[in-house]
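Chains as they are written, first to last, in the working numbering: chain D, 122 to 216; chain C, 34 to 458.
FYI, nobody ran anything at the bench for these hints, they're computed from the structure.
Where hints are given, some of them may not hold.
[Claimed, not checked] Computed footprint of chain C on chain D, listed as stretches where at least three residues anywhere in the stretch have a Cβ under 8 Å from a Cβ of chain C: (1) 132-144; (2) 152-158.
[Stated by the list, open to error] Okay, the calculated beta carbon distance ranges per label pair: (3) SER180(C) - PRO195(D): 41 to 47 Å; (4) ARG145(D) - TRP189(C): 41 to 47 Å; (5) LEU294(C) - PRO195(D): 48 to 54 Å; (6) GLY342(C) - ARG145(D): 28 to 34 Å; (7) ARG177(C) - ALA130(D): 24 to 30 Å; (8) ARG213(D) - LEU290(C): 49 to 55 Å; (9) ARG187(D) - LYS402(C): 24 to 30 Å; (10) ALA130(D) - TRP301(C): 20 to 26 Å; (11) ASP138(D) - ARG314(C): 44 to 50 Å; (12) ASP173(C) - ALA163(D): 17 to 23 Å.
[As the list claims (entries may be wrong)] Chain C side only, calculated, beta carbon under 10 Å to chain D, not exhaustive: (13) PHE67; (14) ALA253; (15) SER423.
No residue lacks a Cβ here, since even glycine has one placed at the ideal position from N, Cα and C.
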Amino acid sequence: MKFAQPAGAPRMWRTADAMHIDVRDLEPPEPMIAILRAIDEAEVDTALIAHLDREPIFLYPELDERGWSHEIMPSSCASPDCEDGVMLRMVRWGS
Amino acid sequence: MSIGASFLGGAKSRLLPPSIPFRFFSAAAVFHVFMWLGLLVAADEAVNFRGGLGPALSAIHLLALGVLVTTAIGASVQLLPVATRRTLHAVWPVKLVFWLTIPGMIAMIAGMYTAQMNILIVAAVILGAGLLLFGVLLADNLRRASSLPVVGAYGWAALAALVLVAVLGVALAVNEEAGILPDHGAVALAHLVLGGFGFMGLLVLGFSHILVPMFALSSAPPKRPSSASFVIALIALVLGTLGALMSNREVLAAAALVGLLAAAVHLWLMYRVLKSGMRKRLGLSFVLVRAAWIILPATLLIGLAALYGFAGANGATLFGFMLLFGWLLTFLFAILQRVMPFLASMFVTPPARGGTAIVAELAGAPTLKLHAICHALALFMLTIAIVLDSAAIVRLGSVAGLIGALAFAWFTADVIRRMLPANQP
C-alpha cells in the first residue's frame, strides 16, 4: 500500500512583502509539517505568513532551530474569539 | 494590551495554565517512586501474584492508577483541546478532577495495602467521582471535535473501557467482603484487559496518531489503514474481555491473535510515519518508544503462551507485568520526557529563545539517561525474577527501578524549576 500525502493540500501565494501559506482546515500535525516543508524545501526566501486555525505552539521550537523568528499578527476582527484564525509571520534571522 | 497580544492570549487559552498538567505529571512521578518502593516491600507476593488484597495489589495500582491513569489524565486535558481545537469551557473542573482522583487513589492504595474494606469503599466513591468527571470532560471535547475521526474513535472507545473497568473494579472490591462474584479471577482478568489494553492501551494507540508524527515531523497515518487498525484493536479488546469473563481459553486465544494483527497494523503505520518523517534523529525518548513497540506484541505472545501453559508457572503474572510495566510504562515515560520540556518551553517568557533552550538542554539530561538505563535493567531483572520465581531478584530489580524513578522525578522537578519566573533566561 502506498503511503499517500493527505488530500487537503496547503494553498500558497506570494505578495509584495512575503510568501503566504494557508493551512486552515488541515488536521494536526499537517499545518506544522506544511510550514516546515515550505521552509526546508527553500520555497520561501526570507518571510512567510501562515494562515492557521490556531496558534501552532509546537511549531515554535522547530522555527527557532531553523533560525526563523515568529510573531502573531493582529487578526482581522481583533477579538480573542475570532473565527478567522491566526496569522503567524515568520522571518529568517538576519534578513 | 495590543490587538496582537489580546489575540495571542485567546489562542494560547487552548493551553491550560502550566500548573494544571504539571500537577498531574508531578503526581505521576511521585507515585512512580512509591510504586517501586511498594514492589520492593511486596517482592515475595509479587513474583507470582494472581490477585487479592495486600501490598502487591497496592503496588500494581500505584502503577496502574497513580502513574498510568494520572499521566493519561494530565496529557489528555492538555493535548486534546490543542489537537481538536476545542477549548475546555473552564479550568476548575480539571482542578476538581485532580483533587478527587489523587486523594481517591491514595486512599484506595492504602485500603488495598491494609485490606481495609471501609477505606476501600470510600476511596472507590471519591476516585469514581473524579474519573466520572474526567470522563465527562473527555466526552465533551470529543463530542465537539469532528476533525480527528480516528483519534476520536480511540478516545470514545477508551472512555467506554474506563467506565467498564471502574464498574468491574468496584465489583471486585465489594466481592472481597460480600462474595458476590461467581469467579473473582475471571473478573480480575477482564479488569486487567479493559484497564491495560482498553482505557490505557486505546489512548496510547490513539494519541500515537498525533504525537509520533508531530515528533518525527511527518504526516499523520492515512485514514483507511488507521481506521482498520482501530476496528481490529476494538475486536481484540471485546474478545479479550468476553474471553476473560467466560474463562474461555479459545476466545482469549482468538483475542490475542486478533490483537497481534492490530499491533502489526499499528506498528506498520508508525514505521511508515518515522520513515517519511523530516526528523531522523529522535533521541533517547524514541529508543524507549521503539522498546515499547517491541514489548506490545511480545506481551500478546506471552499471554497466548500462558493460556496453553507454555510460559512457565508464572506465565499469567509475566503477561500482566509486560502489559503494565513493559508496554504502557515504557511508552508513557518516553512520551512524557518529550512533552514536558515542550510544554515548559511554551510558558517561558519570552517564548522564542528561552523555550528552545529548555527543550534542547533537557533532551539530553543525564537524569533521563539514568532513568532509561535503570528502567531497562528493572524490566529485565523482573522478567527473570518472574520466570525463576525469585523474590530476591524482584528486590534487586525494584531497587534499579527505584533509582530510575528518582531520576525521573528529579527531571520533572528540573522542568518545573525552569518554568518558574526567577529561573527563566
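Taking 48 to 54 Å as the stated bounds, is the beta-carbon spacing between LEU294(C) and PRO195(D) within them? holds, 52 Å
Outcome, coverage of the stretch 132-144 of chain D by chain C - at least 3 residues whose beta-carbon is closer than 8 Å to one in that chain: With 0 residues in contact (Cβ-Cβ under 8 Å with chain C), the coverage given for the stretch 132-144 of chain D is violated.
Tell me if the beta carbons of ARG177(C) and ALA130(D) are separated by a distance inside 24 to 30 Å. This hint holds: roughly 26 Å between Cβ atoms.
Assertion that chain C covers the stretch 152-158 of chain D - criterion: three or more residues, beta-carbon distance below 8 Å: holds (count 4)
Given the hint of 20 to 26 Å, is the C-beta distance from ALA130(D) to TRP301(C) inside that range or not? The hint (20 to 26 Å, Cβ to Cβ) holds, given that ALA130(D) and TRP301(C) are roughly 25 Å apart.
Given the hint of 24 to 30 Å, is the C-beta distance from ARG187(D) to LYS402(C) inside that range or not? holds, 27 Å
Would the stated hint for PHE67(C) survive a check requiring a Cβ distance to chain D of less than 10 Å? violated, 32 Å
So the hint says 28 to 34 Å: do the beta-carbon atoms of GLY342(C) and ARG145(D) match that? violated, 57 Å
Starting from the hint 41 to 47 Å, judge whether the C-beta atoms of ARG145(D) and TRP189(C) obey it. With a Cβ separation near 26 Å, ARG145(D) and TRP189(C) fall outside 41 to 47 Å, so the hint is violated.
Taking the Cβ atom of ASP138(D) and the Cβ atom of ARG314(C), is their distance within the range 44 to 50 Å? Hint violated: Cβ distance 35 Å, outside 44 to 50 Å.
Mind checking the CB of SER423(C) against every CB in chain D and telling me if the closest is under 10 Å? Where the cut-off is 10 Å and the nearest Cβ of chain D is about 45 Å from SER423(C), the hint is violated.
Given a hint of 49 to 55 Å, does the C-beta separation of ARG213(D) and LEU290(C) actually sit inside it? With a Cβ separation near 53 Å, ARG213(D) and LEU290(C) satisfy 49 to 55 Å, so the hint holds.
Taken one by one, the earlier hints fail for this structure at numbers 1, 3, 4, 6, 11, 12, 13 and 15, listed in ascending order.
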